[in-house]
Amino acid sequence: MVDFLKEALTSGPFLPQGHCYLWRSALIWLHVASDTLIAVASYVMPIILLSFVRKRRDLPFDWMFLMLGAFLVACGTTHLLGVWNVWYPTYWAAGAVKAMTAAISLSTTVLLPLVLKAFTIPCPVQREAINRDLEEQILECEQMEASPLEVRDKCERRGQERRAELAAANHALHAANVLLEKTFSSLDEALFLIDASTRTIITCNPAVERIFGYSPYEVLGRNTAFLYPSHERYIAFGAELKEALDAHGVHRAELQMRRKDGSLFIGEATVSAIADETGQRARVVSVWRDITERKQAEQAIKNLNAELEQRVIERTAQLEATNHELETFSYSVSHDLRAPLRSIDGFSQALLEDYAERLDPEGVDYLQRIRGATKRMAELIDALLALSRVTRAELQRDAVDLSSTARAVAAELQEHAPERQVDWIIADGLVANGDARLLRVVLENLLGNAWKFTAKTHTPRIEFGRLSLANGSAAFFVRDNGAGFDMTYADKLFGAFQRLHRVGEFQGTGIGLATVQRIIHRHGGRVWAQGSVDEGATFYFTL
Amino acid sequence: MANKSIMLVEDNPDDEALTLRALKRNNIRNEVVIARDGVEALDYLFATGTHAQRDISVQPVVILLDLKLPKVDGLEVLRRLRADERTKCIPVVVLTSSKEEQDLINSYSFGCNSYIRKPVDFMQFVEAVRQLGLYWLVLNEPPPQ
Numbered sequence: 001m002v003d004f005l006k007e008a009l010t011s012g013p014f015l016p017q018g019h020c021y022l023w024r025s026a027l028i029w030l031h032v033a034s035d036t037l038i039a040v041a042s043y044v045m046p047i048i049l050l051s052f053v054r055k056r057r058d059l060p061f062d063w064m065f066l067m068l069g070a071f072l073v074a075c076g077t078t079h080l081l082g083v084w085n086v087w088y089p090t091y092w093a094a095g096a097v098k099a100m101t102a103a104i105s106l107s108t109t110v111l112l113p114l115v116l117k118a119f120t121i122p123c124p125v126q127r128e129a130i131n132r133d134l135e136e137q138i139l140e141c142e143q144m145e146a147s148p149l150e151v152r153d154k155c156e157r158r159g160q161e162r163r164a165e166l167a168a169a170n171h172a173l174h175a176a177n178v179l180l181e182k183t184f185s186s187l188d189e190a191l192f193l194i195d196a197s198t199r200t201i202i203t204c205n206p207a208v209e210r211i212f213g214y215s216p217y218e219v220l221g222r223n224t225a226f227l228y229p230s231h232e233r234y235i236a237f238g239a240e241l242k243e244a245l246d247a248h249g250v251h252r253a254e255l256q257m258r259r260k261d262g263s264l265f266i267g268e269a270t271v272s273a274i275a276d277e278t279g280q281r282a283r284v285v286s287v288w289r290d291i292t293e294r295k296q297a298e299q300a301i302k303n304l305n306a307e308l309e310q311r312v313i314e315r316t317a318q319l320e321a322t323n324h325e326l327e328t329f330s331y332s333v334s335h336d337l338r339a340p341l342r343s344i345d346g347f348s349q350a351l352l353e354d355y356a357e358r359l360d361p362e363g364v365d366y367l368q369r370i371r372g373a374t375k376r377m378a379e380l381i382d383a384l385l386a387l388s389r390v391t392r393a394e395l396q397r398d399a400v401d402l403s404s405t406a407r408a409v410a411a412e413l414q415e416h417a418p419e420r421q422v423d424w425i426i427a428d429g430l431v432a433n434g435d436a437r438l439l440r441v442v443l444e445n446l447l448g449n450a451w452k453f454t455a456k457t458h459t460p461r462i463e464f465g466r467l468s469l470a471n472g473s474a475a476f477f478v479r480d481n482g483a484g485f486d487m488t489y490a491d492k493l494f495g496a497f498q499r500l501h502r503v504g505e506f507q508g509t510g511i512g513l514a515t516v517q518r519i520i521h522r523h524g525g526r527v528w529a530q531g532s533v534d535e536g537a538t539f540y541f542t543l
Numbered sequence: 544m545a546n547k548s549i550m551l552v553e554d555n556p557d558d559e560a561l562t563l564r565a566l567k568r569n570n571i572r573n574e575v576v577i578a579r580d581g582v583e584a585l586d587y588l589f590a591t592g593t594h595a596q597r598d599i600s601v602q603p604v605v606i607l608l609d610l611k612l613p614k615v616d617g618l619e620v621l622r623r624l625r626a627d628e629r630t631k632c633i634p635v636v637v638l639t640s641s642k643e644e645q646d647l648i649n650s651y652s653f654g655c656n657s658y659i660r661k662p663v664d665f666m667q668f669v670e671a672v673r674q675l676g677l678y679w680l681v682l683n684e685p686p687p688q
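Protein sequence lines correspond, in order, to chains A and B.
Going by this note's numbering, the first sequence opens with residue 1, and the numbers climb by one from there.
Going by this note's numbering, the second sequence opens with residue 544, and the numbers climb by one from there.
Chain A extracted, bound-state conformation:
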């Protein structure tokens, strides 16, 4: 160690640099002078830098300048040692100083660009812009300082404009308020604006006086409880309202309320909620109408209806009783009227059979007439019974195939007198809505009549079909080319027991058409006839 230190700090075994120069004076002084000058410059520059840094205290990164100074100092020292090394070869020391210089210069080199980047010394262009702004501001200030009067005028004008604007806005607001007030007051219904949480009356309209009896001033600010007949009702309605408003936002109700004079009335309320900025139900508007009169009218109607219902029930009971009477009447007619007839006929016949030899032809004739009369009476009774049955029975409406019914009736008629040749023309697909049984009776009567009244016709033809009327509706018809009738008696056709032919000519009770008419009328239809003597008749009916 000691050897190393000795070597380091002394010349050691090395040869001085002069040796390399071969001790030529010119060469030596060239190197020595250059190095010395460099060293001097290197020492002077940091001093200048230092004084600059000291003067400008505001300079940022002044340590950078110091680093530069340090570098220069180190550089200078290196060159001085170079001079020293010409005569004294303390290369280790010189090398060490060089190494230090290297370190300082390296760090400076690395840090320099970073510093320069952050440096905010404005470039000339930027400086120009800054200058211009400053100049403008200065100009403005000068202007302001220069004309205070102008400025004042300007301010005054602006003030006037503002005042005018405010006045106009106020006016509009006032007009709107007045309109609102008028609307409010013009309402026929009582209107309350109520605070939702406290249920106190914020405001109300003049109609309150007419409906509740209080003037608006008497109620402002009060809790609405006093308007209700009882405190329980007040609470109950409050709950009802809350539920309804939560669900729908509007609630309509009819409830009893109390007037100032203590009387109660039925009011109809429409209540809606008004939300505030947060969306909460802050206020509630309720509109009231006095519906006592309407309620009374409703009650009167209900009573009337109930009365009518009662009357209908009574009337129906009466009708049912009458119907029942009629039924028993028909029943006894069936039984009791026929029995004596049977006796009359029976014993007349017995007389004819047993006492024939004791009777002269006139006597026989009388008995025959008696028998004939009883037979007729039996037929009449049957026809009457049938007629009464028609009125009694309930109408059962169904789709009825009239074509097939007509064919069945025709077949029956043909069966009873197979020798008769009749040209039956029955249209297909004739369907009607009505009571099947009763419609069959209609066809039996009409076709039966046609059958009867064509008995003396050579080529009898009986038609059943449907045609369209002038007004577009359809009618069924039964047409025959038989005996026909005189149109002058047309209105008698349908009367009960009315006959247009003598008993001997054509048999019949005269009830058939009356029955037909009653059935058709029960179906809500019309029946009428056309005919001419010996040319036939046509009977029309609608359903």
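In short, the hints are calculated from the structure, not lab data.
Note that this is a predicted model, so its numbers are computed, not measured.
Distance condition first, Cα-Cα at most 25 Å in a straight line; then the derived DMTMM-like pairs of lysine to aspartate or glutamate:
| id | chain 1 | residue 1 | chain 2 | residue 2 |
| --- | --- | --- | --- | --- |
| 1 | A | K302 | A | E254 |
| 2 | B | K642 | A | E327 |
| 3 | B | K642 | A | E379 |
| 4 | B | K642 | A | E412 |
| 5 | B | K642 | A | E415 |
| 6 | A | K452 | B | D664 |
| 7 | B | K567 | A | E357 |
| 8 | A | K375 | B | D557 |
| 9 | A | K260 | A | E218 |
| 10 | B | K642 | A | E320 |
| 11 | A | K375 | B | E644 |
Given chain A, work out where chain B should sit, using these hints.
Below, chain B without anything else, positioned relative to chain A:
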């Protein structure tokens, strides 16, 4: 055939006479038992009351029953006949003037075997009786006694 008796339940004496006459005209010579109201009919058939002495095992082969009878009417007689074991099977022909639907319904629902409407015309009535006699007395097999 002579043992087979016919029962005629009829309140009207004229009808009774005419029926008997009709039977005679048709040469039906069976015994005809006549009851003039419902009570008499039941008494005979159940061998009670005025007919208490009768042998109940001997019953008519057919009953001609009118509906409108005094005291106990035809339907009631029919009902009671059908309710009793001894008379349940006896053929009953309802012979009446009525053609009312209700009578038809009731008669059949109470168990009559036939329903004939008495015609007013006597000749027709005779014919009806002839057919009745022929059927119920000759053609039909009566229930065993």
